[in-house]
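*Asks:* I would like the entire structure built from these sequences, with the hints used as guidance.
Below, each chain spelled out in residue letters.
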Amino acid sequence: MQALGVGVVYWPILDPLLREPGSPATVVEIEPQAFWEMSHDDRHGWRYRPNEALLDELAALPQAKLIHGVGHPVGGTVTDPLDHLNLLQDAVTQLAPAWVSEHLSLNRFERPQGGPEPLDQVEHAGFLLPPSQTPATTRVAADNLQRLRSAMDRPMAFETGVNYLRPQAGEMSDGDFFAAVAETSDCGIVLDLHNLWCNACNGRQSVDEVMARLPLERVWEVHLAGGMRHGAYWLDAHNGRIPEPVIELAARWIPKLPALGALMFEILPEHVPTLGLDEVAQELNLLQTMWALRAPRLVHVAQGRPAPPATGHSRPEDRAAVRAWECQLAAALHGEAPADAALARDPGCALLARLIQDFRRANLTRALRFTLTTLLLGLGEDDTEALLQAYARHSPPQPFAALEAEQFAAFVWGHIGHWPHLPHLCEVLAFEHALIRASVHGHSTQLHWSVDPTQVLEALEAGLLPPPLPPVHSVMHIQAT
Amino acid sequence: MDKGSLSRAPALSRTVRIHVPSEVAYDLERMQKVTASVLGKLGCGGCHSGHVLEFVHLRDFVINPKTLDVQEQFIGH
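Residue numbers (my numbering), protein chains in the order written: chain W, 91 to 571; chain Y, 28 to 104.
Treat the hints as calculated values from the structure; they're not laboratory data. A portion of the hints provided could be inaccurate.
Covered stretches of chain W, going by a simulated chain Y footprint (3 or more residues, C-beta under 8 angstroms) [unchecked claim]:
#	region
1	123-135
2	325-332
3	445-452
4	461-469
5	486-492
6	526-533
7	547-561
So the derived list for chain W, only partly shown, Cβ under 7 angstroms to chain Y, looks like this [to be verified]:
#	residue
8	544
9	568
10	571
Computed beta-carbon distance windows for the label pairs [as the list claims (entries may be wrong)]:
#	chain 1	residue 1	chain 2	residue 2	range
11	W	106	Y	60	18 to 24 angstroms
12	Y	54	W	105	26 to 32 angstroms
13	W	417	Y	54	49 to 55 angstroms
14	Y	91	W	171	42 to 48 angstroms
15	Y	60	W	225	52 to 58 angstroms
16	W	260	Y	90	42 to 48 angstroms
17	Y	90	W	558	21 to 27 angstroms
18	W	563	Y	90	29 to 35 angstroms
19	Y	60	W	472	31 to 37 angstroms
For every residue, glycine included, the Cβ atom is placed at its ideal position computed from N, Cα and C.
*Replies:* Below, the structure is given as structure tokens:
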């Protein structure tokens, strides 16, 4: 096949860059789950809902497409109880990617006491977490990758992940682990050089040592991104330009990747306004320069060996060993004492807990912005912090902003009697909660406002508590159709 | 009698409408904007391995707006 070239991971804010004549992007990578929602109705129960209109728009983009999963990583044993493969298959059919990739991470824990429904028995981790780097995980990941490849009917690759933990006693090196997963699964590699550089900066194996162990002919795609310092750590934050040392690594290794088919820049949408679209275009021009270092050739993307027998690569004891790691990690992140004392002492666990907290609060900020603003203004920073921490202890993370917000709304309703002095908190929370209930459950709500709601929301949007307002009683009906 | 059903969600969400009685005087266009803003952000947060700073930005904006420019410069390097 022809190599696809240079591109970006898709966000709607990047549309102008992709649609302009002579766009510097010749390929666009889509993360389907980032555009799903979860919804519930009595007939279907809980299910994912894709954004079909957006998929139609993406299919019409002139760039070649790649699909990069972000919701169903292959490094763990806990599967998603909701149907996701059909939605991913639909995206593959519509976008016709040359290959599909996922993360070599885990993002779900088992909750044996969670309740009778399958969804209650799984806890979302709130983050992509590192797997244990063992032969057992290698076999489990290979099975997961081959199942995905079989379902997608496309070549499959995995991304080399970021890992903020210290190397665990007895685990495989980063390079040996990535190589073993690639060879066992007969899959490709999405080489994230910023992730590898983060890992090296944070005390793990050097990038050159990792690269020396990788089967370079399996690297189909390279990811480059920016990051930020946080205390002693360098974070893979996708927040801006590519650091110079990562550019140097890319320039050195790209000529040595014989099957490289795509070179991608990653930036999160909330950072695009700060960087600017022109600067994003400049980063893509930089990638074009690096792409030119690659000897032009046709790229062979392995279709992969036929799926293994039903028993797969992994044995029951492999899955038990991986499950034990998941339990240890869950305990450490929940603030309980894991059996592994070294993991309990690892400052990387505290960092992960902090990043999960950020992720949850960001979701609340998106879906309950006016409620959170009222709390911050009315209670102050310290009491709001205490409230958010109490909520986090009370309720597990949710992968979707709507579900996190619905859970938090229920928590706030349970305490709202403590804050009768906060102007219009009940009305603002009821309004935002009603929008979420309409979207997620299709429920309609009748709301009563004692004042003009637009004046309340305008004040909050300006970062101010609403002033005393003249009474204007109105009834508002929020209806989902 | 409805004044109108002026708010709807972006394509991702169910269609969500706001109905108010015809005698209500407040700005429904404004409510439409707010509704679309909330409903457009209910999905999965996407892939990241670092800080997601939206709450920090909101907190700084609300508690001490004057620090926000400094924060932005730090975040954006």
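*Asks:* CB of residue 91 of chain Y to CB of residue 171 of chain W, is that within 42 to 48 angstroms?
*Replies:* holds (43 angstroms)
*Asks:* That 18 to 24 angstroms hint for residue 106 of chain W and residue 60 of chain Y (C-beta), does it hold up?
*Replies:* holds (21 angstroms)
*Asks:* May I ask you to test the hint 31 to 37 angstroms on the CB atoms belonging to residue 60 of chain Y and residue 472 of chain W?
*Replies:* Given about 32 angstroms between the Cβ atoms, the range holds.
*Asks:* Is the gap between the beta carbons of residue 54 of chain Y and residue 105 of chain W within 26 to 32 angstroms?
*Replies:* At 29 angstroms between Cβs, range holds.
*Asks:* Against chain Y, with CB atoms and a cut of 7 angstroms, does the hint on residue 571 of chain W hold up?
*Replies:* holds (5 angstroms)
*Asks:* Is it true that residue 90 of chain Y and residue 558 of chain W lie within 21 to 27 angstroms of each other by Cβ?
*Replies:* Check passed, 22 angstroms falls within 21 to 27 angstroms.
*Asks:* Can you tell me if the region 461-469 of chain W counts as covered by chain Y, using C-beta to C-beta distances under 8 angstroms and a minimum of three residues?
*Replies:* holds (count 4)
*Asks:* Measuring from beta carbon to beta carbon, are residue 260 of chain W and residue 90 of chain Y in 42 to 48 angstroms?
*Replies:* holds (46 angstroms)
*Asks:* Would you say the region 526-533 of chain W counts as covered by chain Y, given the rule of at least 3 residues with C-beta under 8 angstroms?
*Replies:* holds (count 5)
*Asks:* Is the listed coverage of the region 445-452 of chain W by chain Y valid when you require three or more residues with a beta carbon under 8 angstroms from a beta carbon of that chain?
*Replies:* holds (count 5)
*Asks:* Lying within 52 to 58 angstroms: is that true of the beta-carbon distance residue 60 of chain Y to residue 225 of chain W?
*Replies:* Since the Cβ atoms of residue 60 of chain Y and residue 225 of chain W sit about 55 angstroms apart, the hinted range of 52 to 58 angstroms holds.
*Asks:* Examine the region 486-492 of chain W for residues whose CB is less than 8 angstroms from any CB of chain Y, and state whether their number is three or more.
*Replies:* With 4 residues close enough to chain Y, the hint holds.
Of the numbered hints stated above, none is contradicted by the structure.
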